[in-house]
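Visitor: Protein chains in written order, with the numbering used here: chain A, 1 to 278; chain B, 1 to 317.
Derived by calculation from the structure, the hints in this document are not laboratory data. Do not rely on the hints blindly, as some may be mistaken.
Unchecked claim - Result set (SDA-like, lysine to any residue): computed pairs, CA atoms no more than 25 angstroms apart in a straight line:
hint, chain 1, residue 1, chain 2, residue 2
1, A, LYS16, B, VAL114
2, A, LYS16, B, ARG9
3, A, LYS16, B, ALA141
4, A, LYS16, B, VAL134
5, A, LYS186, A, LEU258
6, A, LYS16, B, ARG133
7, A, LYS174, A, LEU162
8, A, LYS16, B, VAL136
Claimed, not checked - Counterexamples of contact, computed for chain B against chain A with all Cβ distances above 10 angstroms:
hint, residue
9, LEU155
10, ARG275
11, MET294
To be verified - Quick list of the computed label-pair ranges, beta carbon to beta carbon:
hint, chain 1, residue 1, chain 2, residue 2, range
12, A, PRO223, B, ASN74, 33 to 43 angstroms
13, A, ALA19, B, MET292, 39 to 49 angstroms
14, B, LEU31, A, GLY159, 39 to 49 angstroms
15, B, GLY42, A, GLY237, 22 to 32 angstroms
16, B, ASN74, A, LEU17, 26 to 36 angstroms
17, A, SER42, B, VAL51, 25 to 35 angstroms
18, A, THR134, B, ARG225, 57 to 67 angstroms
19, A, TRP119, B, TRP164, 54 to 64 angstroms
20, B, ARG217, A, VAL13, 29 to 39 angstroms
21, B, ASN130, A, TRP34, 36 to 46 angstroms
22, A, ASP116, B, THR4, 15 to 25 angstroms
23, B, LEU31, A, PHE91, 52 to 62 angstroms
We put the CB at the ideal spot given by N, CA and C, even for glycine.
The residues making up each chain are set out below.
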Amino acid sequence: MFTLMRRTRTAPVIVKLCAAILLIFAFLSVGGNWVVPMNPHSQDLTQSISLPSRENLLGTDSLGRDILSRVIEGTSSAVSGPLIIAVGSFFIGNILGLISGYYGGRIDNLIMRWVDLMWSIPNLLVLILVAGTTGAGYWVSVFLLLFLSTPFDTRVVRGAALEQVSRPYVEATKTIGLSDFRIMLKHVWPNVAPIAVANAFLVFAAALVSLSGLSFLGLGAPPGTPNWGLMVAENQGLLLANPAATLVPAALIALLALAMTSVGDWIDDALRGEGNKS
Amino acid sequence: MQITWFLARRFSAMIAVMFLVSVGIFSLIHLSPGNPIDILLGPVPRTPETVATLNERYHLDEPLYIQYWIWLTNALQGDFGTSIRTSLPVSQEIADRLPTTLALGIYAFIITVVGGATLGVLAGLRQGTNIDRVAVITAVAGMSIPSFVVGVLFLYLFAIVMPWFPTSGSGQGFIGSLWHLTLPSLSLALICGAYITRHVRAAYGRILGEDYLVFARARGVPSMRIFVTYLTKNAMIPIVTISGIVLSMLITGAVLIEVTFSISGIGQLLVQSARYQDIPMLQAVALFMATMVMLINLTTDLLYSFIDPRIRLGDGS
């Protein structure tokens, strides 16, 4: 972690910019309700499908709802699902990855086979299938995607743990008779954690893309909720009348995913480079 | 001998996975809430006759493994039952829509590979230059932005602001189809090409630093020969591996892109059936797509074992 703080000062401008963007999104997802200029759900059919104006900075949709307010309100739904997925699969992936990398052998083989199998499954197809057959709601999809994302974390953590296990300090801890559990948690994990954190950023971005895709297809967030993916689909017909209604939520999905990936990539680069030198 | 063994093992692994996938897809009808008969009836009124017809078709009173067996044998003969949404045979609907999706996939794959590889090679050979920076930025953007966002943006820029291309549909005739499929293919290719660019760039960059390449240069091997024999041959392995992943991504991406551009292909069919809970149709499309992904993975595996003998002769794990 100290390495990371030291490196922050020398980070490229673009990464700092992305980190600032992430902070803004984080603020909007918590405090969006205080900043919205209008009620995101109130309809005004006399003001339907209007271009951006001083009253409605991004115009309105076909029901006369203010686009800017809906976009701001949608931040929390855009952030919450991927956040749960990133954090959840971080925990499961770290546990499985540590066990796999530390013990090796048969259990490693078993876990890696499972990872390979899950790896070849296209996530979005599974989500569409389950949503389509069971009529399951948005949160079922979130937890399903959490499960589908764990192999990604598991593989990365296992690789990093494998690299640590052969180092002298692990042998030393074994020699003084520490328990496997303690070695894994207190000695190996701290050296693996930063890479896993970087990976969580990438998982977040991937989950955001999948979930907003699902909502775009009409199989995610319920109709009427201010969700970016859903807004892109609902307002696509208005592309001529009020382009902002579609393009702004679309751009926000892209911006959030890009910022997450850039920051994640940078943390990964910064830490991996450092690790190799020591 | 070793090749036969290798082929047999890869093939049996694929069959095993296909079995698991088909069991999963079969059980969808029993996993969905409600009575399977009600689901399969859809809007058709529930009378003893209609229930009896369904029972005869699906054998819903038999044990599950017998139901599975009957379903599988029918499916293997191309019989997936009738769609609840359109009350047409499922296989016919798929066959009607397949050509459009195939055209989209092939078109996009060509753009992806040609565009992505060219950019990757140029960037890999000249790392640190402007073209390299462009390639890296495109690759990062393409990898993190969802395909439907790119689709909507292209739709706005090239069909509305500059009305060069149609906004939706599949078009008539060869030229018409090509015309209609250009924007969707470009959107797909931008997303999938990013992976190719990134991997090709990395592969060329890595090989450029190898001793044998430096030595070949020192010996005075012509640069064209270095490029083809020393560089490209070695860079092929990661490229073929990533092509398989890209093809699988194209299948998933096509679902989103077909909906964005209202193209009546397999992907749109999947989404329509999912919205309508049209389970026989969903099962058929899912099984079809899963088979495609498996076949692509198998082909990639075989292809790179032919390109690189080390993989074939190694322990293969």
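Visitor: Going through the earlier hints one by one, which of them does the structure break, listed in rising order?
Guide: Violated: hints 1, 2, 5, 9, 10, 11, 14, 16, 17, 19 and 23.
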